[in-house]
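Asks: Generate the whole structure from the sequences, applying the supplied hints.
Sequence order for the protein chains is A, B, C and D.
Residues 286 to 650, numbered by the working numbering, are exactly what the first sequence covers, in order.
Residues 286 to 650, numbered by the working numbering, are exactly what the second sequence covers, in order.
Residues 286 to 650, numbered by the working numbering, are exactly what the third sequence covers, in order.
Residues 286 to 650, numbered by the working numbering, are exactly what the fourth sequence covers, in order.
There could be a bad hint or two in this list.
Put simply, identical chains are the same to the list, so a pair is met inside one copy or across any two.
[Unchecked claim] Within a straight-line C-alpha distance of at most 30 Å, the following computed DSS-like cross-link-like pairs (lysine-lysine) qualify:
| id | residue 1 | residue 2 |
| --- | --- | --- |
| 1 | 481 | 431 |
| 2 | 470 | 360 |
| 3 | 481 | 360 |
| 4 | 431 | 650 |
| 5 | 306 | 431 |
| 6 | 334 | 306 |
| 7 | 334 | 641 |
| 8 | 641 | 306 |
| 9 | 428 | 641 |
| 10 | 428 | 306 |
Rather than coming from a laboratory, the hints here were simulated on the basis of the structure.
Here's the letter readout for the chains.
Number of protein chains: 4
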Amino acid sequence: MAGSSFGTIFKITTWGESHGKALGVVVDGCPAGLELCEEDIQIYLDRRKPGTSSITTQRKEDDCVEILSGVFEGKTTGTPISMMVRNTSQLSKDYGNIATCYRPGHADYTFDQKYGFRDYRGGGRSSGRETIGRVAAGAIAAKLLKQMGITVQAYTRSIGHVQANLDAFDTEAILQTTTAMPDRKADEEAVAFLQKARSNSDSVGGCMECRVTGLPAGIGDPVFEKLDANLAKAVMSIGAVKAVEIGDGCAVSQRVGSENNDAFRMADGQVVKATNHAGGILGGISDGDTLLVRAHVKPTPSIYQTQATVNQSGEEIELAIQGRHDPIIVPRAVVVLECMTAITILDAMMVNMSAKMENLVNFYK
Amino acid sequence: MAGSSFGTIFKITTWGESHGKALGVVVDGCPAGLELCEEDIQIYLDRRKPGTSSITTQRKEDDCVEILSGVFEGKTTGTPISMMVRNTSQLSKDYGNIATCYRPGHADYTFDQKYGFRDYRGGGRSSGRETIGRVAAGAIAAKLLKQMGITVQAYTRSIGHVQANLDAFDTEAILQTTTAMPDRKADEEAVAFLQKARSNSDSVGGCMECRVTGLPAGIGDPVFEKLDANLAKAVMSIGAVKAVEIGDGCAVSQRVGSENNDAFRMADGQVVKATNHAGGILGGISDGDTLLVRAHVKPTPSIYQTQATVNQSGEEIELAIQGRHDPIIVPRAVVVLECMTAITILDAMMVNMSAKMENLVNFYK
Amino acid sequence: MAGSSFGTIFKITTWGESHGKALGVVVDGCPAGLELCEEDIQIYLDRRKPGTSSITTQRKEDDCVEILSGVFEGKTTGTPISMMVRNTSQLSKDYGNIATCYRPGHADYTFDQKYGFRDYRGGGRSSGRETIGRVAAGAIAAKLLKQMGITVQAYTRSIGHVQANLDAFDTEAILQTTTAMPDRKADEEAVAFLQKARSNSDSVGGCMECRVTGLPAGIGDPVFEKLDANLAKAVMSIGAVKAVEIGDGCAVSQRVGSENNDAFRMADGQVVKATNHAGGILGGISDGDTLLVRAHVKPTPSIYQTQATVNQSGEEIELAIQGRHDPIIVPRAVVVLECMTAITILDAMMVNMSAKMENLVNFYK
Amino acid sequence: MAGSSFGTIFKITTWGESHGKALGVVVDGCPAGLELCEEDIQIYLDRRKPGTSSITTQRKEDDCVEILSGVFEGKTTGTPISMMVRNTSQLSKDYGNIATCYRPGHADYTFDQKYGFRDYRGGGRSSGRETIGRVAAGAIAAKLLKQMGITVQAYTRSIGHVQANLDAFDTEAILQTTTAMPDRKADEEAVAFLQKARSNSDSVGGCMECRVTGLPAGIGDPVFEKLDANLAKAVMSIGAVKAVEIGDGCAVSQRVGSENNDAFRMADGQVVKATNHAGGILGGISDGDTLLVRAHVKPTPSIYQTQATVNQSGEEIELAIQGRHDPIIVPRAVVVLECMTAITILDAMMVNMSAKMENLVNFYK
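Replies: Put into structure tokens, the structure is as follows:
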């Protein structure tokens, strides 16, 4: 099916496999008049680049973006923005055993079951490189939101048992640390933990979080197009994510109502909430408070240990996966979470513009 | 926006407010030839009925469904199935303070911000009664899945700190216990806990889970239409749900890869997984194993304690909510989770039919 | 498939068969704050009523609409507006030969081929009564457009060879004449022609047209969501329509460019077109001029003459269709054309609100 | 808005401007296992190439397609097929007066009204070059349909007053004649007519038609997703098309029922129609007969005569359009009609697979 599109008005369509010719995205429905250049996109793509630290893979991926359409004289024209990244590190290597066997934790088996065969080179369409299109599109959404005073900021919350201390939130550390944690001390601990995991030929899971500030109240729609429902889809669609939480998330199931309800108060003539257990969403609609979404990411399924599995012929085998792999997905996935959140929110804001009769009438006056 | 529709081929559109004339759903895209009568639907609706135990609200809601179209001589015709439940317990009571003030934890404030005003009677469109349409539609999806050997079963996993023991899974208990737990002993404990909460004028959160068995491998699409992504949207769109987990969910963020990967094995000539941390989904596509989705539900926001809030005039006030309210949402929401899961899976199965060239060609031969 | 929904933001979902319990529509995405009552809808439904003249069927159809949701204290709330019309004239008559044979020009055969069987009572879902939902939804769209100064007006242009003289356009005649022509003299001729056709046990085709005035320039989107493309779909989806024209339509294929191009001129400081061969749409986007769409409607397929056909057993038979039938579809379909046009335009206007960066930014300032 | 996507399961997304870096399309939802190479696409693209005859523009456009994803070892994988054509003939010429004035019959004015400005180079997104994406996608759809025994064939029916004689239908002439007419004699007349128009510095309109044979009965859905409704949208969305007809089209409005109804008959144990006024569609669903769709195309708006128009400053001016232009659009648009028809039909066939309960159940047995 056409599973590669996301969004109603601000609609993205991604394409490409990890070892094909290129990967890319078509962003349709971007308003006309946004200043945009390749550097705006590249900054975001560089955040998901590997090879930049001791704990990410040593593969070299250049991932230079080219804008092919939809921008004229430095501004978006309102027509589709096509962006492409050529695959430059396609090695003519032997994919031998990966081609015919099913790696545990990967989508090899399910792709074969669905399509009858698969592009087995490096994960094909289910590779983490698929997120290049998401990030390129999200860079545009984030830039546009910024011009409306809305900030979308994702970061690593925990790696294994190592939790970032969010009370001493260090925004600059997110882009500077190896782990994308907003806490330099926890980052150090986490790096040590990761190195130990790597020396054990193992990988590690983690948790990432995204905060949106400046979002007006009233965004999102009742019932199925709730803002949190669309965020849940957007975030769960990122490979390796196994849980999505909004606000206090799972913790609410062990709460009583008197502690979980956020009291409304007045501050500077504005309605505010005394607390924010809700994570900025009530009844699926933004309440003007900080929006908070969290994702739990499984350990990289590719590990250096020998694993039990089966091959396409139905034989039980021992598999040793070759190649270079990150011991953790989270630090490179943080920008993907940020981008999917930005895309979801921007689309909901566009869709919301005709919610009130008076807004519609005034718009066309 | 048009937020009241869900699904691509099997598409449902719900409508109605808690104290309007009626609530209902249009199910479009149901295959022709399914035997269907009102009793098939009523059985599911009765599971979300209040007034059936000491811990649910004492309000009387008859909720009798009427099938208005799409069924002829006892079978679905392939055209839209319109179903309606008349609201019979609309009291002409005074909604006075609720009309003008914002209940903590409810969507009163966000609806006002979005639409300029709201139907304040009993929550209007954001009431739990909105789920009547979901359940009526889900009853059809579940009946259809059953004929393909697929079982969808939801239950209460925990209420506050009280956890059901899933090792001694008692399927019959789900429909027989007050709490919809598959564990009669935990049910007793949970009831006691709920009665204590009620005596404290408080409410309680909980966790519910859904298992799907018999689902073939290959269902779901890569990237944005992943089966888990659509389940996350479907489940997060249920009011009061604040977190969605697939398989081991949040726990994976504290795991290492060697323990989280599910080894593939052969059993009776079939590929199986030795464990099921993945919850039956790999790369967004079903793997043939039991599908497992879990939702965390916040405590009922309506409590009998006086709460601090503000009114529409921007005054800080003390609010005492009148009326009868469940101290917990979960036992009545279990069938909603089951129905949203059934709808999501059925739709994905329909969409999947043209994934392989040979299937398409053979179909039209 | 889910074929019963139309629209992106202003989305309608219709349901119901001609001889089922009821027919209706769910209108989702209507802005909050529009004053609306059942009488607003009933006026439009009455225009498609039969039994009001010598040339329409003598069947009695009350078609009283009931608004079931989405309106509170006289105003739309932004949530789905569910509307229903009960079928009151379901006769327990014998559908005998219609049930098992294929009426020429009807959808009996194609429904059987698609679904395996059909609701054979009076055409079921493919009956002209299906348009009740379209008209109820269109009444809302038209009312909303009117408040923005946009008028949508459809009328009969020709019946058989009898053409209305549009140079002496008589707006009031549209609602007063038997044929919905804006020309009382042509109406008389057409009535005589229809009575002759009826006395021949035959039926007649015709052409209807819709004009939209007050529509601002800039509505519609490039490529696939062109305003004329969506109008073509909306209008061709009306049963019995076999051709759709925009502006000069078919005539352009016999023109040269120098006569077909509309010169741009200035008038009162506004850009205008000296002529309007384009029918108000250039490149799929409205140009501020009068929008003109035209539909050609086939003769009613149910005629009193005996016709050659086959039955479900594959036998060639002679069929005499019983019951009462209009000798022409057009006069009652005019309001359907008007409503589908209104729905299409309103939806395009809502979708257009975020086309410019500055509009989006200013909206949320 | 996101106006650049078309289709439900077989979904295409086109992008690119006439003088940007490239144009292309992403085809999502193509079944896995179709043999596909660039040559399959190039053959179709070459049919819309200019510069191949005396009556088409002398511009040189290479239009070499590159498949960037979705094909592995010569077969489609089920994931998005991204295809791109680089623009090689971008001249750094002076677009001076076109940049600031509104060409009659073009979308310059409406794009400016919608987006605030436009990519004025050669029509930008509203250029005929936009159809490259449609044709590349349609080539895939047509190849797939062919493997199911379904042939889609478009041709020129008339140019100005010159009609092709369809009784002596010459299939090979379509690809061999200058005008794409299935009649060599009419082609000669039409060429003479076009040369005369060119010598008058004028352009000419025409009519094109598409026939689909081998299509099974039962394709298309009731109400809004009727096969003819989607064809009308698909075809009207092609630039310069001003009317769409199905079967006998406009002619039906002057018919009586007894001549317009197609009698059902039996032939070789199959239900057939004695005539085909309906054009292969009844009630929006294919009836197994030849499907016939026709489009009327306006004369090329770019002509060599000086035309009256206005510029962006609101001044009335005289405009002489430079450059090379076809005196007629139709011969190069024929393949676009063929491709849009193929895409629409294939998508409807995929969507139809779950229409019957027994088909769904058997599929997953």
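Asks: List, from low to high, the hint numbers that the structure doesn't satisfy.
Replies: 1, 2, 3 and 7
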